[in-house]
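Trainee: Add chain B to chain A, keeping to what the hints say.
Quick note, the sequences are listed as chains A and B, same order.
Numbering-wise (numbering that gives the first Met the number 0), the first sequence opens with residue 0 and increments by one.
Numbering-wise (numbering that gives the first Met the number 0), the second sequence opens with residue 0 and increments by one.
Since the hints were made in silico from the structure, they are not lab data.
All of these numbers come straight from a predicted model, not from anything done at the bench.
You may find that some hints are simply not true.
[What the hints assert, rightly or not] Beta-carbon label-pair distances, calculated as ranges:
{"#": "1", "chain 1": "A", "residue 1": "20", "chain 2": "B", "residue 2": "11", "range": "22 to 28 Å"}
{"#": "2", "chain 1": "B", "residue 1": "624", "chain 2": "A", "residue 2": "298", "range": "36 to 42 Å"}
{"#": "3", "chain 1": "A", "residue 1": "243", "chain 2": "B", "residue 2": "28", "range": "38 to 44 Å"}
{"#": "4", "chain 1": "B", "residue 1": "11", "chain 2": "A", "residue 2": "298", "range": "28 to 34 Å"}
{"#": "5", "chain 1": "B", "residue 1": "126", "chain 2": "A", "residue 2": "34", "range": "23 to 29 Å"}
{"#": "6", "chain 1": "A", "residue 1": "10", "chain 2": "B", "residue 2": "645", "range": "54 to 60 Å"}
For glycine and all other residues, C-beta sits at the position ideal for the given N, C-alpha and C.
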Amino acid sequence: MQIDYKLSDKFDFGLFIPMLILFLFGLAAIYSSTLHHPTAGGNFEKQVIWGIAAFIIYFITYFLPNGTFKSITIPTYLFSIFLLIVVIIVGRKISGAKSWLDFGPFGFQPSEIAKIGTILAMSAFLSRKNTDIESFKDILITLTIGLIPVALILLEPDMGTAFVFIGFILMLIYWKGISLFGLFVVLSPGFVAVSALFGFYYFLAALLLVLIFLFLFQKDIFFSGSIFALNLAFGFFADYLYNALSPHQQKRILAFIDPNSDPLGAGYNTIQATVAIGSGGFWGKGFLQGNQTQLQYIPEQWTDFIYCVIGEEFGFVGSIIILILFLYLFLRILKIASITKDEFLSLTVIGILAVYLVHYLVNLGMAVGILPVIGIPLPFVSYGGSSLIVNMFMLGIVANVYRNRKNYT
Amino acid sequence: MINSRALLVIILMFLFFTALVVKLFDIQIVRSEELKYYAQRQQTGVETIAAEQGLIYDRNNVLLVYNRPDVSFYVDLRMISQKNKKVVAAAFSKVLGKPANYYMKLMNGSKKTICLEKKVIIEKAELLKDIKRVGYFYKDDPTRVYHYNNLAAHALGYVNNDHKGVMGVSEYFEESLRGQDGSRSVDKNAIGDVVNVSEAETNPAIPGNNLFLTINKNYQLILEDELRNGINQYGGTSATGIMMDPNTGEVLAIANIDDFNPNEYWKYDDFQRRNRAITDTYEPGSTFKAFTIASLLDQGLCRLNEKLNVENGTYKYKNVRIRDTHPFNSLSVKEIIEQSSNIGVSKLVQRIDDEKYFKYLRGFGFGNYTSIPLPGETAGRLKKPTEWSKVSKAYLSFGYEISVTPIQMLTAYCALINGGVLYEPQLINKEVTFDGSLVNEFSPKKVRRVISSETSEVMRNLLADVVKNGTGKKAYSELISIGGKTGTSQKLVNGSYSKKDYNSSFIGFFPVEDPKVVCLVLINSPDQGKYGGLVAAPIFKNIAERVVETDVDKFQDHINYDLLNNIKYANDNSKNNSTHIKTTTSFNVKPINYSTKGKMPDLINTSIKDAIYTLTKLGVKYKIKGTGIIIYQSIPAGKTLKPNETCILECSEINVRGASL
Numbered sequence: 000m001q002i003d004y005k006l007s008d009k010f011d012f013g014l015f016i017p018m019l020i021l022f023l024f025g026l027a028a029i030y031s032s033t034l035h036h037p038t039a040g041g042n043f044e045k046q047v048i049w050g051i052a053a054f055i056i057y058f059i060t061y062f063l064p065n066g067t068f069k070s071i072t073i074p075t076y077l078f079s080i081f082l083l084i085v086v087i088i089v090g091r092k093i094s095g096a097k098s099w100l101d102f103g104p105f106g107f108q109p110s111e112i113a114k115i116g117t118i119l120a121m122s123a124f125l126s127r128k129n130t131d132i133e134s135f136k137d138i139l140i141t142l143t144i145g146l147i148p149v150a151l152i153l154l155e156p157d158m159g160t161a162f163v164f165i166g167f168i169l170m171l172i173y174w175k176g177i178s179l180f181g182l183f184v185v186l187s188p189g190f191v192a193v194s195a196l197f198g199f200y201y202f203l204a205a206l207l208l209v210l211i212f213l214f215l216f217q218k219d220i221f222f223s224g225s226i227f228a229l230n231l232a233f234g235f236f237a238d239y240l241y242n243a244l245s246p247h248q249q250k251r252i253l254a255f256i257d258p259n260s261d262p263l264g265a266g267y268n269t270i271q272a273t274v275a276i277g278s279g280g281f282w283g284k285g286f287l288q289g290n291q292t293q294l295q296y297i298p299e300q301w302t303d304f305i306y307c308v309i310g311e312e313f314g315f316v317g318s319i320i321i322l323i324l325f326l327y328l329f330l331r332i333l334k335i336a337s338i339t340k341d342e343f344l345s346l347t348v349i350g351i352l353a354v355y356l357v358h359y360l361v362n363l364g365m366a367v368g369i370l371p372v373i374g375i376p377l378p379f380v381s382y383g384g385s386s387l388i389v390n391m392f393m394l395g396i397v398a399n400v401y402r403n404r405k406n407y408t
Numbered sequence: 000m001i002n003s004r005a006l007l008v009i010i011l012m013f014l015f016f017t018a019l020v021v022k023l024f025d026i027q028i029v030r031s032e033e034l035k036y037y038a039q040r041q042q043t044g045v046e047t048i049a050a051e052q053g054l055i056y057d058r059n060n061v062l063l064v065y066n067r068p069d070v071s072f073y074v075d076l077r078m079i080s081q082k083n084k085k086v087v088a089a090a091f092s093k094v095l096g097k098p099a100n101y102y103m104k105l106m107n108g109s110k111k112t113i114c115l116e117k118k119v120i121i122e123k124a125e126l127l128k129d130i131k132r133v134g135y136f137y138k139d140d141p142t143r144v145y146h147y148n149n150l151a152a153h154a155l156g157y158v159n160n161d162h163k164g165v166m167g168v169s170e171y172f173e174e175s176l177r178g179q180d181g182s183r184s185v186d187k188n189a190i191g192d193v194v195n196v197s198e199a200e201t202n203p204a205i206p207g208n209n210l211f212l213t214i215n216k217n218y219q220l221i222l223e224d225e226l227r228n229g230i231n232q233y234g235g236t237s238a239t240g241i242m243m244d245p246n247t248g249e250v251l252a253i254a255n256i257d258d259f260n261p262n263e264y265w266k267y268d269d270f271q272r273r274n275r276a277i278t279d280t281y282e283p284g285s286t287f288k289a290f291t292i293a294s295l296l297d298q299g300l301c302r303l304n305e306k307l308n309v310e311n312g313t314y315k316y317k318n319v320r321i322r323d324t325h326p327f328n329s330l331s332v333k334e335i336i337e338q339s340s341n342i343g344v345s346k347l348v349q350r351i352d353d354e355k356y357f358k359y360l361r362g363f364g365f366g367n368y369t370s371i372p373l374p375g376e377t378a379g380r381l382k383k384p385t386e387w388s389k390v391s392k393a394y395l396s397f398g399y400e401i402s403v404t405p406i407q408m409l410t411a412y413c414a415l416i417n418g419g420v421l422y423e424p425q426l427i428n429k430e431v432t433f434d435g436s437l438v439n440e441f442s443p444k445k446v447r448r449v450i451s452s453e454t455s456e457v458m459r460n461l462l463a464d465v466v467k468n469g470t471g472k473k474a475y476s477e478l479i480s481i482g483g484k485t486g487t488s489q490k491l492v493n494g495s496y497s498k499k500d501y502n503s504s505f506i507g508f509f510p511v512e513d514p515k516v517v518c519l520v521l522i523n524s525p526d527q528g529k530y531g532g533l534v535a536a537p538i539f540k541n542i543a544e545r546v547v548e549t550d551v552d553k554f555q556d557h558i559n560y561d562l563l564n565n566i567k568y569a570n571d572n573s574k575n576n577s578t579h580i581k582t583t584t585s586f587n588v589k590p591i592n593y594s595t596k597g598k599m600p601d602l603i604n605t606s607i608k609d610a611i612y613t614l615t616k617l618g619v620k621y622k623i624k625g626t627g628i629i630i631y632q633s634i635p636a637g638k639t640l641k642p643n644e645t646c647i648l649e650c651s652e653i654n655v656r657g658a659s660l
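With the rest of the complex left out, here is chain A (with noise of 0.2 Å):
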């Protein structure tokens, strides 16, 4: 094996460049929104020097030696369960969830850490020798292993959380080779029950394409009747579930169907996100000149919804940077998954972009109106200590693998 010295084959400046920027954009949005808000205003020093610490954890992980990963798995894991277990008993309520575990004058989620320990102990189980994705008893014990964790996280509650759990649940179970059948069978219930809540018309739309799908599987008569009424079964508890529901969450969900249904309630952040980055036009107002946001239209504008800080303020071209960043820091990240020899690093990697992409697509749909709002941050960007650490650990990963991507065989 030949060794190249260039300091760009061991470090890599597609992942890390991207991120920079991302991170300053953010920087710059944060300040804006919080220079004239009257309990926010330390906000964006706050975020430097989280940044700064988050800086030295990425260089630390990106040196970490090889197979450290591997070996901090199960620890990783079950300290992570741990304190999921502990933040309901003593965490501090923030806007209706617990999810916060105070230490002294810092306060982190749990169900950040709980991300790293999920990916790396189902990465650690799939990529066993024996183990078979298409076994259901595989197949259990892979879900059982992510489940857990999102159960405990719902029980919180923190929707916007569990829904990225369930996103890098289901990718690790894709790249791990799941065949399309599989894949069918434990994606179409979460399908059905979704489309429930749309009404009954949208519930009967579902099932019928469940119906095409089994028809064109050709599996067994019994199998295909046994999958149908498992999803029959998830859409009428989709339904239950939204009945139990608290009438906010309810509301919200409501709102996403048709914001201007409530102006006030619901509806009223994405009309205001809307009203902001529309109002941006094509090369924005100009840095600390967005009305929407220097008038505080929208609410903790430099956490979930600061999205709209850059195309208020940068307008349509500020926004198209932003999201083409994101994309080329993906495509980086899946191609580094994909030259990966190691298949738990592999795994680990993709489990990551699956946060990453999980968290952009609810964050910018949610912002631009295209999704409801469930309220997770930006990468990178929104203001944050714990997540920020959380995603240049990962990345830091990321990153390291890139520079072992040779070591393994």
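Mentor: Positioned in the frame of chain A, the structure of chain B alone reads:
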């Protein structure tokens, strides 16, 4: 395997990327203008800037009415949190001294919006304005301040809760005083708070015009004071007094006792608030005889020396009996007036043709509005000759069968003694815009000539004789020459003349040689000495003497100086013994001179309102401590102003000795 799976991920990523780009294109380029408009509409609003009402001064530039920049505080109970309620309550309790529980109780009510505190004075309000909580807000709520409380209340009127002028010049000149509201466009944040005022789109309010009344504050004080004393001394249900300058028609003072305090107008009833001097009519009685005699003299129908049989006090005329209080066998025309003989005048009046007599009375203004610039004036009633009965003319001649207002009587008396010309009564000396340019200046409004100047001169002397020798003796003053006529009339109670209820009045003027002041004193239902000569005349005398003392310069050619000091001494004594108030000094609020641009003006001794206005205009921020008149400014006068400077103004209550503050 992995590569095809990676491809699917890439495809899905691009699909979502495309969806985002399409959506961004839709809202940021296609619908951008619409959304910009929406954003602007929700972010900006137009706020009205209320114009400040004009100030009211007396004829010598003494400030009578101004505005205090108070602030009212409110809480929207739907928006404020329990924690913030506690913060607000604690702050209010600290600044205003009421217990915090009081405010908590208010805020735990069920209304949507509550007023925590109304009209907080500015220096305390400044402290409370700093509280920034969701649902807590304040509004400027300026208070109209009538600096001397009851003084000239009926002339000034008051301003009600809706900032509308009611009665007095406040109502009559409301248009002038009100000014023009301005507007400004403002940026509003999500909860509707104004966060930014765009100067470019500000259309400033134009303050109302300032009025300078013809009222002389010192005269007004004397008049009110002496009317009150009169009621204390002689009893009586109420009193009215007016002072005018006979040569121009300017009203120098106008008062009714009981009166009211315009600062707390809601505490008084309609009777107390009504300017009875122009709204209520009475039968004038003997004071009216002067007009009868003047008509006859002007027509040359009698001579002063000619003697008449006055029937020993009882005269049967047609089917009625006319009586005199003091019976005589015969009196000259001069003596008829001096002794106020009803029989004499009723005999004399028969010499004049009905229509001519009526024309004279109309000429003096009876039965018509005087057009004094005050709301609510009534015209009284003067019957036409065709409506007269057989005895009407006789009754008219000594002031019955006619109803007049006090202001009509006095306006007519002006014409009687000023050379024979009737003037419209005036109340406004000048009207000036907020920045000092003149809008209107007073000039006498001549209505018509009523009698010849010769007749008028005869009347002056005749009325001086009434005071010297006749029924008006009690009005006689050593200090200054006084002329006048007493009057007593039985009041009409339920359609017949009451035996107990009288109006006791005196109308006089001074100095006789060159009348400068005419004054009416009317006491309703005095307990003792029902005759005008006993009740109203001495009150008039006190008024006249005190007016002369306060304005020695004006009367210098007609004063008996030997007596001036004695009387002053005597008056000083009486002041010590009684609680009545007497004016000594007036405070003059200096107008602000800000001619040099960019320099700090001299604000010492100016009113808060003027100072605030000037500073606002110059773009200087200010903090105010105390109320009243400015006694200290932190930026010295003449200093060049820098942007964003704050000037601290210290104020002190205007302490006018003698005036009730």
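Trainee: Do the beta carbons of residue 10 (chain A) and residue 645 (chain B) sit within 54 to 60 Å of each other?
Mentor: Holds, since residue 10 (chain A) and residue 645 (chain B) (Cβ atoms, about 56 Å apart) stay within the stated range.
Trainee: Could you see if the CB distance from residue 243 (chain A) to residue 28 (chain B) stays within 38 to 44 Å?
Mentor: Taking Cβ atoms as reference, residue 243 (chain A) and residue 28 (chain B) lie about 42 Å apart, which means the hint holds.
Trainee: For the hint 28 to 34 Å, verify it against the beta carbon of residue 11 (chain B) and that of residue 298 (chain A).
Mentor: Between residue 11 (chain B) and residue 298 (chain A), where Cβ atoms are some 32 Å apart, the hint holds.
Trainee: Taking 23 to 29 Å as the stated bounds, is the beta-carbon spacing between residue 126 (chain B) and residue 34 (chain A) within them?
Mentor: For residue 126 (chain B) and residue 34 (chain A) the Cβ distance comes to about 27 Å; the hint holds.
Trainee: Against the range 36 to 42 Å, how does the distance between the Cβ atoms of residue 624 (chain B) and residue 298 (chain A) compare: consistent or not?
Mentor: Holds: the Cβ-Cβ distance is about 39 Å, inside 36 to 42 Å.
Trainee: Taking 22 to 28 Å as the stated bounds, is the beta-carbon spacing between residue 20 (chain A) and residue 11 (chain B) within them?
Mentor: holds (24 Å)
Of the numbered hints stated above, none is contradicted by the structure.
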